[in-house]
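Undergrad: Using the sequences and the hints given, assemble the complete structure.
In the order they appear, the protein sequences are chains A and B. Start counting the first sequence at 1; every next residue gets the next number (full-length UniProt numbering). Start counting the second sequence at 1; every next residue gets the next number (full-length UniProt numbering).
The hints are simulated quantities; they were obtained by calculation from the structure and are not laboratory data. A hint or two may mislead.
[What the hints assert, rightly or not] Calculated lysine to any residue pairs in the SDA-like style (CA-CA distance at most 20 Å, straight line):
| no. | chain 1 | residue 1 | chain 2 | residue 2 |
| --- | --- | --- | --- | --- |
| 1 | B | 314 | A | 379 |
| 2 | B | 379 | B | 358 |
| 3 | A | 326 | B | 333 |
| 4 | A | 379 | B | 424 |
| 5 | A | 314 | B | 269 |
| 6 | A | 406 | B | 379 |
| 7 | A | 326 | B | 329 |
| 8 | B | 406 | A | 399 |
| 9 | B | 326 | A | 339 |
| 10 | A | 326 | B | 334 |
| 11 | B | 406 | A | 414 |
| 12 | B | 314 | B | 379 |
| 13 | B | 437 | B | 305 |
| 14 | A | 314 | B | 160 |
Predicted, not measured: the structure shown is a model, and the values here were computed from it.
2 protein chains.
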Amino acid sequence: MKVVKFGGSSLASGNQIEKVFQIVISDPDRKVVVVSAPGKRFPEDQKVTDLLIECAERCLSNQNSQEIAASVIKRYSTIAEELQLPSKIISEIQADLEARLNGDRSNPERFIDRIKASGEDNHAKLVAAFFEEQGVEASYVNPGEAGLLVSAEPGNAQVLPESYERLHSLRERSGLLIFPGFFGFSKEGEVFTFSRSGSDITGSILANGLKADLYENFTDVDAVYSVNPYIVKRPKEIKELTYREMRELSYAGFTVLHDEALVPAFRAGIPVQIKNTNNPAAPGTRIVYERDNTNGPVIGIASDQGFCSIYVSKYLMNREIGFGRKLLSILEEFGLSYEHTPSGIDDISIILRENQFEAEMEQEITGRIVAELHADEVKFEHSLALIMVVGEGMRHNVGTMARASKALARASVNIEMINQGSSEVSMMFGVKEVDEKRAVQALYEEFFAAVTV
Amino acid sequence: MKVVKFGGSSLASGNQIEKVFQIVISDPDRKVVVVSAPGKRFPEDQKVTDLLIECAERCLSNQNSQEIAASVIKRYSTIAEELQLPSKIISEIQADLEARLNGDRSNPERFIDRIKASGEDNHAKLVAAFFEEQGVEASYVNPGEAGLLVSAEPGNAQVLPESYERLHSLRERSGLLIFPGFFGFSKEGEVFTFSRSGSDITGSILANGLKADLYENFTDVDAVYSVNPYIVKRPKEIKELTYREMRELSYAGFTVLHDEALVPAFRAGIPVQIKNTNNPAAPGTRIVYERDNTNGPVIGIASDQGFCSIYVSKYLMNREIGFGRKLLSILEEFGLSYEHTPSGIDDISIILRENQFEAEMEQEITGRIVAELHADEVKFEHSLALIMVVGEGMRHNVGTMARASKALARASVNIEMINQGSSEVSMMFGVKEVDEKRAVQALYEEFFAAVTV
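TA: Below you can see the structure in the form of structure tokens.
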């Protein structure tokens, strides 16, 4: 039995939904279909979720929201026309959206969540209607009725553990189950959404709850690539990688799948298959618990910009019990989360994402570190990029670091920072943002395109 | 003006003290002579400080301490005979030790400190007497009278900042000043010792207080070596290195000079010269603020055993503000100080010195991390060695990491951990203890003995 999730672009038009239908019925193991809200049909198009957010915000600020609500309905009715569905479904969707827009606005965040969730909810109803029209047994499933319970955190709901057992009974239902992604219900029966792109999470939760054999995640790429195609042309596709490898890659810019989405499948040991709705014959990429290491030590190279470091030095820092903890407490008080803390003997650097900083913070933080920890030196460095070289095969492979650092040296890239050791499946290099592209290209060259001379 | 400090082996016998005398009078700039307690004359010999500690402990447990006190006096009287000093000095030393042993024992730690400090104090008196016998103007200086004030921490006293100004007036005194190392006086007038080998600290404090041009530290080696001579035969001597380089090297096993001893000299920018009492013609090693980087990127390689790591992993750890800080707080509650914290995306390792652990701690710590932080995995790894590759020249030298990791790969050494980035003057490699020697040899080969092929 398989749980199959389709992304927004896979469901953006009637034509796309017909492809989805063919994919689903071509494999009788495909039982549960998780549906996103309609996405973009062309690059300049707007996603229904974005329209809904704007609509909700206009309501809250008492601006005119009619026009934008109409354009949401227009998206659904265009699709319904393309699929030659009876107009009843559109009346239903319109009534639902109106009811939500006229609902309680006393808690703005919860109001927004209810509006946002309608994108997936109504699209699941539409898709179910289409499947039924094709003469297939299929039914829309309401997440609340099915038992998908979540925490009452608007825009960041977390699945509650009891959901899994409740959802398991969906196995007993006959026919295809069309399940809206992105949201669940609190114990009090209110709608709360996951973080953005949360339909991936819904699929993973269902795969876990129903103890599926496979979670198929259909998107618009043939596979996960070994490196960013904007940096290296026609990069190698990854056929199989582990959850840990996927997580390390996604940390630094590989955004094929939502980070949190891997957790439920991972905990249940269910493999995840990334596939392309527009090219279902392509094998795609499989995410598994363990894999053979037959293709060299490195499986992928990811990179991300927008980091900065705070360097703190103090003679004999090393002797002070609690120095690091106190330093991290100061950052915590500013609400800053940090990424890494490489340390020397009497110095430590804290690597953070730059977008967390507000204007005055840098000076305030420096002041507090000097005043409270009597540091000799506090120095900010901006515009850093982190590069992750990922692969289970590099565990206990003695030459990988040598090859990586040599490749960077050859490309005249200065390594600002290395973090290796904790994770056995990755090496991390910090470089200046201006060196990022050259560094990634040099590493790809070394591990994927190197020819023995 | 120079402050000159002599170690215990440089003052272990009459013959050695004659060498010291020749060294001191050969340079009229040598004004202040800091004296250690008599050290070992041959490998099986006992240091006077060790005898004194045993003597004090016997007193405290009401055991017979006569014999061991006699052997302390015997060491001084042997030296006095070799130097043909009048017996008066030995009577004085004997009376002093007896008075200390019969002193207040209500605070055992302070009692031990007073006994320990007598080793240096009495030897300074003996050395001063010998200098005077040779017809040189020289006088013993009592640290309390001279104004060397320290905190009231037995065995770990810290200099108080007001000492420096007080000590400065020693410049006005005529003749050579013979100053006992290792201890100072609290504001209440009680004796407190520095940590072990603390005579180095006394010398550095005096160099700072008197604003000396140079602090000469005489010991029993010709120079600081670029690598441990027990691991690599006849290693290169280091002619000049910076304070930071010395500190990084001494962290991992280079014990020529007491760590804390560099601080006062460093703060005053006074160079430190390491020299050999038994070969004063050898140029020795100079520790300076800044140096030319003319001899390649690496100046020395140090290593030390006895480390362990605690590996903690938790899926999406990276998203939790405060995770690292909470983890460090738990270790702090166990009184553990940590060395480094390399981290991956969802995992972190804490590197600690193994000797801090008591039997049950490992299990208790694991239990608390699992219970309080809901970690997925907590794993201890023992018997690790840290290797420091040190050199100011490696800053912004793009190829150094490549050379180092390649050398380790060639020697089939698996790198368990790398920490580079915070300190700009060192790279740290963690390896298994069994690989330590091979790793250091391979790195030395690469950076000091490599022949271009």
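Undergrad: Give a verdict on every hint.
TA: Each hint tested on the structure:
The straight-line distance between the Cα atoms of residue 314(B) and residue 379(A) is roughly 31 Å, outside the 20 Å bound, and the hint therefore fails. With a C-alpha separation of about 17 Å, the suggested pair residue 379(B) and residue 358(B) falls inside the 20 Å cut-off, and the hint holds. Between residue 326(A) and residue 333(B) the CA atoms are separated by roughly 14 Å; this keeps the pair inside 20 Å, and the hint holds. With a C-alpha separation of about 13 Å, the suggested pair residue 379(A) and residue 424(B) falls inside the 20 Å cut-off, and the hint holds.
For the given pair, residue 314(A) sits about 16 Å from residue 269(B) by alpha-carbon distance, which is consistent with the 20 Å threshold. A C-alpha spacing of about 32 Å is found between residue 406(A) and residue 379(B), which places the hinted pair above 20 Å, so the restraint is violated. For a cut-off of 20 Å, the pair hint linking residue 326(A) to residue 329(B) stands: about 9 Å separates their Cα positions. Between residue 406(B) and residue 399(A) the alpha-carbon distance is near 7 Å, which keeps this suggested pair within the 20 Å criterion.
Distance restraint check for residue 326(B) and residue 339(A): the Cα-Cα separation of roughly 15 Å lies within the 20 Å cut-off, and the hinted pair is therefore satisfied. Under the criterion of a C-alpha separation no larger than 20 Å, the hint pairing residue 326(A) with residue 334(B) is consistent with the structure, at around 16 Å. Proximity of residue 406(B) to residue 414(A) is assessed by CA-CA distance (about 17 Å); at most 20 Å being required, the pair is judged to hold. Between residue 314(B) and residue 379(B), the direct Cα distance comes to roughly 12 Å. Compliance with the 20 Å bound is thereby established for this hinted pair.
Restraint check for residue 437(B) and residue 305(B): satisfied, since their Cα atoms lie roughly 10 Å apart, inside the 20 Å limit. Only pairs whose Cα atoms come within 20 Å are accepted, and residue 314(A) paired with residue 160(B) is accepted, the gap being roughly 18 Å.
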